[in-house]
Structure formats: C-alpha cells, structure tokens
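Participant: Sequence:
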Amino acid sequence: MVAVVVVVIAVVVVVVEVGVVVVVEVVVVVVVIVVVAVAMVVVVIVVVVIVEVGVVVVVIILIHNYPYYFIRSLCYFITKIPLLSKPLRTKTFCRTRLSIF
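Here the sequence shown stands for residues 78 to 178, numbered as in our numbering.
The set of hints was computed from the structure by calculation and includes no laboratory data. The beta carbon of each residue, even a glycine, is placed where N, CA and C say it ideally should be. Any given hint could be a false lead.
[As the list claims (entries may be wrong)] Restraint ranges, calculated between C-beta atoms of paired labels, are given here:
1) 150 - 130: 14 to 24 angstroms
2) 141 - 121: 28 to 38 angstroms
3) 147 - 127: 16 to 26 angstroms
4) 143 - 105: 48 to 58 angstroms
5) 153 - 129: 22 to 32 angstroms
6) 147 - 120: 57 to 67 angstroms
7) 87 - 123: 33 to 43 angstroms
8) 150 - 102: 55 to 65 angstroms
9) 143 - 118: 35 to 45 angstroms
10) 154 - 100: 57 to 67 angstroms
11) 83 - 115: 25 to 35 angstroms
All chains, full assembly: derive it from the sequences and hints.
Facilitator: Here's what the structure looks like:
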C-alpha cells in the first residue's frame, strides 16, 4: 500500500515537473519569436528610411548641380506617359523650361 502511494506521488511529481518544463519552454519560444519578429520589423523600417533619405538627398544634389539634365530627363519621361503629356502640352512646357538654362 505504501509502495503504491509512493509510486503515485512520484508519477504526479514527474508529470507536474514535465508540464512546468513544457510550459516554460513554450513561453520562451513564443517570447523569442515575438522579439525576433519585432527586431526584424524595426530593422526593415530603419533600412527603408535610410534608403529613402539617401535617394532624396541624391536627387536634391543632382537637381541642384544639374538642373538642365534633370528637367530634360523629366520631360523625356513625361512625354512617354500619354495621360501627362497631353494636358501639360509637354513640348511647350519642356522648351520653355529648357530655354531658361
């Protein structure tokens, strides 16, 4: 009788310990996944912001240093888009802008 009680207590203790270990492991895994996901999102946002700022700075420098080429390129792309070229009267627009330089 005593042996049965000892075995039952031992089984209950082992089951409870295993259950606690499993719960702790699941919680740790979930926390690690959430932390890694948040870190990845933050890294992506930071990289996108850095790239966007870099592109804006480069475009501003190019416009400032080479306005003629920038306007010429802009006119070229506008003429390739029919929805923009008609209402803007691209040829007149581009000639007047390019003649300034």
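Participant: Each hint: holds or not?
Facilitator: Verification of the supplied hints:
1. Taking the beta carbon of each, residue 150 and residue 130 are about 22 angstroms apart, inside 14 to 24 angstroms as hinted.
2. Taking the beta carbon of each, residue 141 and residue 121 are about 30 angstroms apart, inside 28 to 38 angstroms as hinted.
3. At roughly 23 angstroms, the beta-carbon separation of residue 147 and residue 127 lies within the given 16 to 26 angstroms, and the hint holds.
4. Roughly 56 angstroms separates the CB atoms of residue 143 and residue 105, a value that falls within the hinted 48 to 58 angstroms.
5. About 24 angstroms separates the C-beta atoms of residue 153 and residue 129, a value consistent with the hinted range of 22 to 32 angstroms.
6. The hint said 57 to 67 angstroms for the Cβ distance between residue 147 and residue 120, and at roughly 33 angstroms that hint is violated.
7. Between residue 87 and residue 123 the Cβ separation comes to about 54 angstroms, which falls outside the hinted range of 33 to 43 angstroms.
8. Between residue 150 and residue 102 the beta carbon distance is about 58 angstroms. The supplied range of 55 to 65 angstroms therefore holds.
9. The hinted range of 35 to 45 angstroms is satisfied by residue 143 and residue 118, whose Cβ atoms lie roughly 37 angstroms apart.
10. At about 60 angstroms, the beta-carbon gap between residue 154 and residue 100 stays in the expected band of 57 to 67 angstroms.
11. In this structure, residue 83 and residue 115 break the distance hint of 25 to 35 angstroms, their C-beta atoms being roughly 48 angstroms apart.
Going through the hint list in order, the structure does not satisfy hints 6, 7, 11.
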